[in-house]
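K.L.:
Spelled out, the chains give:
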Amino acid sequence: MKILVCVKQVHDTESPLEIDGDRRWVRDDGPIAFRMNRYDEFALEEAVLIREALGDVTVDALSVGPLRFSSTLKKSLEKGAANGIHILYENGGYCPPSLTAALIAGYARDKSYDLILCGVMAEDDMQCQVGPLIAARLGLPCAVSVVKETIGPDKKRITAECELEGGINEIIELPMPCLLTIQSGINRPRYPSLSNVLRAKEQKLVTVPADPGLLTRRPEQPVSLSYPEKSSTGMVISGTPEQKAEQLLAILHEKSLL
Amino acid sequence: MKSILVIIDTIENRPPPSCFELISFAEQFAATFSLEIQVAIAGGSIGETAEKAARFGHDVIGLEHDSLFHPNPEFLARAVAALMEESRPRYVCFQHTMRGCHMAASLSSRENASCITAVESFSVSGDAPVFRRSLFNGKINLDLAPPPDSVVLTVLPGAFAVTDGGSSSKKPGSVEIRRLSGVDSPGRPLGISESAEESVRLEESDVIISAGRGIGAPENLELVRAVARLFPNSAVGASRIVCDQKWIPYAHQVGVTGKTVAPKLYMACGISGAQQHIAGMKGSQLIVAVNTDPRAAIFSISDYIIIEDLKTFLPLLIQKHEELYKQS
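Sequences listed follow chains A and B, in order. Just so it is clear: in the first sequence, position 99 is 99 by the numbering used here, and no numbers are missing. Just so it is clear: in the second sequence, position 145 is 403 by the numbering used here, and no numbers are missing.
Hint data in this document are derived by calculation from the structure and do not stem from the laboratory. Among the hints, a few may not be true.
As the list claims (entries may be wrong) - Lysine-lysine pairs mimicking BS3-like chemistry, simulated, CA-CA at most 27 angstroms apart:
| id | chain 1 | residue 1 | chain 2 | residue 2 |
| --- | --- | --- | --- | --- |
| 1 | A | Lys255 | B | Lys584 |
| 2 | B | Lys310 | B | Lys260 |
| 3 | B | Lys429 | B | Lys260 |
| 4 | B | Lys522 | A | Lys255 |
| 5 | B | Lys569 | A | Lys255 |
| 6 | A | Lys204 | A | Lys74 |
| 7 | B | Lys504 | A | Lys148 |
| 8 | A | Lys111 | A | Lys156 |
| 9 | A | Lys2 | A | Lys111 |
| 10 | A | Lys255 | B | Lys540 |
| 11 | B | Lys310 | B | Lys428 |
| 12 | A | Lys201 | A | Lys74 |
| 13 | A | Lys201 | A | Lys111 |
| 14 | A | Lys255 | B | Lys578 |
Predicted model only: the values in this text are computed from it and were never measured.
Construct all of the structure, not just a fragment, from the sequences and the given hints.
P.N.:
Pasting the structure below:
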């Protein structure tokens, strides 16, 4: 069985996020840390768990982005992917999900993957589009926001429990090959093992040039970035921690909540 | 006249919460860009929901098929594509839910249309729209301009308030139910399950004390529980990440993917304020937030802001409460 996991590198949201000079994207220089999109970590872990359960499974990790994304692919190798594929796309700025999906689908089309896993969304642009767009391009059945999956004994079908909104889950059975987008919480992503860290150090990534011509129409265009206006009318309770506690209790008492 | 097509889907024939916000969005958008509004509602048997939607004053098409009793994004995307053949709408909009995003992706791929997701507001540039959505969970706004052809949109729940809720002031639109034919998708829905732990009655509590990532460790949840016990009819809530860490069951989760709540008091402890969390609690009557980060997004919707570490502040709150109420 062959599994493809799509991973993205995102700005660490603990870093100070600043809009770049021409207001086109978030700065990626200066004191910025990058890491793997958290949802993709769950997707990668799920692929590795499938390999451990079934044996004879190859897990490829793939990423579309500039050169710095290679560190996230190396991290994927450390976490258990067998191969790292980098579709090198040095655009900087907003990358439409339709283009990312076209590039991934273009690569995966003739590779006969049995299963493609993506994170349910990216933490930076939160579009929830790349997974189902890849599926649509490849004509694969797709389930999104998967919180549990079970591959049938014949390895021809997969049962996925999908989290909808409002605490409701839907259970769907899909024929393989198919694509799942993985929701957070499905597993506990592991730390890299020492042997995998050493292997990743030696191993070269497969680098593929991006062909933006795969997107046959003009996508949406970024106009500008801005910071949200501070709309708060809230009152900051100040003083020592003791005073703050007393003030809050007084407010809650006055409002008959205590 | 160009039009905007509103797509509302149902689960077991029930409309999802806040789906009529889509009609509010369409009304504001149509008024700005002189568009006609069409509404389509999909499900297994949705006459009742369609009548309800028609009370907003727009004509409603019901799309019925046994395969739409459960969410079936790919099937519905095909049905919407067929509907688009008839009226060539310029815009098609879905709710920004997991199913909505899946449908939007299937439809935009099928129609080779562009797709703009999680729309929070729009503005006018020349005679064209610019859509605003956010990046990094509300830390930064991104304005996107669509290309000049058909556009698929998903609209963020909570971004547009339902107007007069289909009150009697408007003449109801017509309802046309269509039984769809066609083959099902390869994916087969087997059923729906609701979250198992029903003992957590978040929606019925007057006070919810909620824990976020800022609590740092599962043992600190005890502090949050202890604060909750200070109030009558209270419950402990949590942000998604706390549930993902398995520190507390998902039944406690507040947010779009958990419960939507509106208690008398919502106290957010160490919650940064991800959009999906805020959408699930911003209707609370009084919001108190405790966080060490003065820039936490939760503060923008809070009535009272306390910049403190929970491990310092919550024990003090419990101790001061004891001093005040036990001495008398």
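K.L.:
State for each hint whether it applies.
P.N.:
Results of checking the hints against the structure:
1. A/Lys255 with B/Lys584: 20 angstroms, holds
2. B/Lys310 with B/Lys260: Distance ~25 angstroms between B/Lys310 and B/Lys260 Cα, so the pair holds.
3. B/Lys429 with B/Lys260: Measuring from Cα to Cα gives roughly 22 angstroms; hence the hint holds.
4. B/Lys522 with A/Lys255: Given pair B/Lys522, A/Lys255 holds - Cα atoms ~10 angstroms apart, limit 27 angstroms.
5. B/Lys569 with A/Lys255: 25 angstroms, holds
6. A/Lys204 with A/Lys74: 9 angstroms, holds
7. B/Lys504 with A/Lys148: Holds, at roughly 15 angstroms.
8. A/Lys111 with A/Lys156: 17 angstroms, holds
9. A/Lys2 with A/Lys111: 9 angstroms, holds
10. A/Lys255 with B/Lys540: 19 angstroms, holds
11. B/Lys310 with B/Lys428: 12 angstroms, holds
12. A/Lys201 with A/Lys74: 8 angstroms, holds
13. A/Lys201 with A/Lys111: 26 angstroms, holds
14. A/Lys255 with B/Lys578: Within the cut-off at roughly 17 angstroms; holds.
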